[in-house]
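> Just need the whole structure built from these sequences, with the hints factored in.
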Amino acid sequence: QCVSSDRYYVSPSSGFSSFLRYTSDGCTSWNINTSMSSSYVIGATGASLIDVVPLQNTFYASVAQYGFRKSTDGGITWNFINNGSYSKMFAFDTTNFYLMAYNQSDYVVSKYQNDSITSLCYIPNLYANDFHFTDHFTGYAVGDSGAYDVIIKTLDGANTWSTIYSDSTFNGNDIFFSSSNIGYAVGN
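Counted the way the numbering used here counts, the sequence shown spans residues -14 to 173.
No lab work stands behind these hints: they were computed from the structure.
Just so we're clear, the structure is a prediction, and the values are computed from it rather than from any experiment.
It is possible that some hints are incorrect.
[What the hints assert, rightly or not] EDC-like mimics (lysine to aspartate or glutamate), calculated; alpha carbons at most 16 Å apart, straight line:
#1 K138 x D120
#2 K138 x D159
#3 K138 x D115
#4 K55 x D100
#5 K55 x D36
#6 K96 x D141
#7 K55 x D78
#8 K96 x D120
#9 K96 x D78
[Claimed, not checked] Quick list of simulated restraints, FRET-style, between CB atoms:
#10 N144 x N68: 20 to 26 Å
#11 T119 x S14: 37 to 43 Å
#12 I61 x N110: 39 to 45 Å
#13 S130 x D10: 41 to 47 Å
#14 D58 x I149: 36 to 42 Å
#15 S165 x N99: 22 to 28 Å
#16 I102 x A132: 31 to 37 Å
#17 A132 x N99: 37 to 43 Å
Beta carbons: idealized from backbone N, C-alpha and C, even for Gly.
Below is the structure:
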């Protein structure tokens, strides 16, 4: 069994790595998936994996310069959804999740539902490192707002956000909730 933080697995013997290279022999070899047209080959030069959401045998991937992709066969073939390069994704199931993308100086939070993406709001002056939802309405994000690192919260499904914590020494990187009341924020 191979173990790596930048590899996502379909099963113990197959999966793909941070450049969406496919393995079917227990990580002995990793090959670029060539099932897409040459202009959209995941793993091409400059096409690094930004984030991936594995949900049973369906995978969603955000790939720099090559857009948002979906695989329904465990990562063997990938279908184009849109041109977005989403920095973070949080899924509830295979048809409903939130996406976060950097747009020059702000982050845009969008909702993916049944192969359609709708922009919900902009989070101004925040370089968001991670976000996590405890239900379809309540979510948290951690990031840098300039002089302070902050944790922000939404109670209305990412339409509006408010600061719930700020600290000049925190340097927040990741946030995770194990339940609706117990959460962890990791910083430097």
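> Taking the hints in turn, state whether each one holds.
We went through each hint and held it up to the structure:
Restraint check for K138 and D120: satisfied, since their Cα atoms lie roughly 12 Å apart, inside the 16 Å limit. A C-alpha spacing of about 14 Å is found between K138 and D159, which places the hinted pair at or below 16 Å, so the restraint holds. For the given pair, K138 sits about 12 Å from D115 by alpha-carbon distance, which is consistent with the 16 Å threshold. Between K55 and D100 the CA atoms are separated by roughly 9 Å; this keeps the pair inside 16 Å, and the hint holds.
Between K55 and D36, the direct Cα distance comes to roughly 12 Å. Compliance with the 16 Å bound is thereby established for this hinted pair. Our distance criterion of 16 Å between C-alpha atoms is met by K96 and D141, whose separation comes to about 12 Å. Using a Cα cut-off of 16 Å, the hinted pair K55 and D78 holds, with the two alpha carbons roughly 13 Å apart. A hinted pair counts as satisfied when its Cα atoms are at most 16 Å apart, and K96 with D120 qualifies at roughly 13 Å.
Between K96 and D78, the direct Cα distance comes to roughly 12 Å. Compliance with the 16 Å bound is thereby established for this hinted pair. Distance hint check: the CB atoms of N144 and N68 are about 24 Å apart, consistent with the given range 20 to 26 Å. Checking the proposed 37 to 43 Å range against T119 and S14 shows it holds: the Cβ atoms sit about 40 Å from each other. Take I61 and N110: their Cβ atoms lie about 41 Å apart, and the range 39 to 45 Å holds.
A C-beta distance of roughly 46 Å is found between S130 and D10, which places it inside the suggested range of 41 to 47 Å. The hint said 36 to 42 Å for the Cβ distance between D58 and I149, and at roughly 41 Å that hint holds. Restraint check, S165 to N99: a C-beta distance of roughly 26 Å satisfies the suggested window 22 to 28 Å. Between I102 and A132 the Cβ separation comes to about 33 Å, which falls inside the hinted range of 31 to 37 Å.
The hinted range of 37 to 43 Å is satisfied by A132 and N99, whose Cβ atoms lie roughly 41 Å apart.
This entry satisfies every hint, going by the numbered hints stated previously.
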